[in-house]
Amino acid sequence: MNILLWHVHGSWTTAFVHGKHRYLVPVTPDRGPYGLGRARTYQWPDTVDEVSPEKLADADVDLVILQRPEELDLAAEWLGRRVGRDVPAIFVEHNTPKQGDVPNSRHPMADRDDLLIAHVTHFNALYWDTGGTRTAVVEHGIVAPTAHYTGELDRLAVVVNEPVRRWRVTGTDLLPRFAEIAPLDVFGMGVAGLPDRLGLPADRMTVYDDLPQSRMQAEIGRRRAYLHLCRWTSLGLSLIEAMAMGMPVVVLAATEAVAAVPPDAGALSTRIDTLTDAARRLVEEPATARRAGARAREAAQARYGLDRFLADWDRLLEEELCASR
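Residue numbers (UniProt numbering): 1 to 325.
Quick caveat, the hints were computed from the structure, so don't treat them as lab data.
This structure is a prediction, so every number in the text was calculated from the model and none was measured.
Please note that a few of the clues may not be correct.
What the hints assert, rightly or not - Here are the simulated distance ranges between beta carbons:
hint	residue 1	residue 2	range
1	Arg215	Asp264	43 to 53 angstroms
2	His122	Asp307	17 to 27 angstroms
3	Thr41	Pro69	25 to 35 angstroms
4	Val164	Arg325	45 to 55 angstroms
5	Leu211	Glu152	32 to 42 angstroms
6	Glu152	Asp277	27 to 37 angstroms
7	Asp314	Arg85	17 to 27 angstroms
We put the CB at the ideal spot given by N, CA and C, even for glycine.
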């Protein structure tokens, strides 16, 4: 198929475009949020082509992947076709509900008969009210990291985007508790001002802003354990990637994490004292950390392999294409 999709979530898109199709990714001169083009910090295959909005009207597009509500009108304008009618569409819901009366949050694509909503976790499917719109769940898959866990640094790794703006959503306020146990190395976008905002000195927190994925994973793997404190986000792919590298993980038991992380992969709890105790044990006992990391790797490989992910997506894409004919 020729599939039109926007570059929104780097790790998810990286896995998705490793399929057998041709992927058209809009690009604009400013490479803004609706024209980011090909990834610069992820490795994408040659089957991903950048296309300008002006050329989409003449492009051969079999199916549209939507990831933000405004993309529905944007795709119709750029393609000159009715999205969901003239060309089939799937809306991929990456997020937990952020607005509205949870658990009564109404999805912006609720009660539509012209598209399907594909959730990336069963938790998201449970908490979004999609009305009469057809839904499916395709759980995450990842490109297997080339980096491996070594854990030679008695430090804790964190991956989070925009931790200052998102704050309690990403558990940013909890980080100082763990900085008392071991220095924190925080990777992601928009992390530059985090130590000052938390009042942490340089010897307790170091930040690394928007590194290329391969370099980031190599650096993360050198830390003793991975810390995931998100209260209300969808399942973070960086968490799965860390597990796949063989890292032990210390995880807040919220949203889909409770299904993705076995407790013997490090720690999984809603009690912060339990998590800080586990982090201390992993830092102080490298052999314990290695055993927990091996269990994490086993769990990630069993559930979030790329082949399963792409096979699930191929089935869904074929079903939607056939249903539109």
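Exercise. For this structure, which hints from the list above don't hold up?
Worked result: Those not satisfied are hints 1, 5 and 6.
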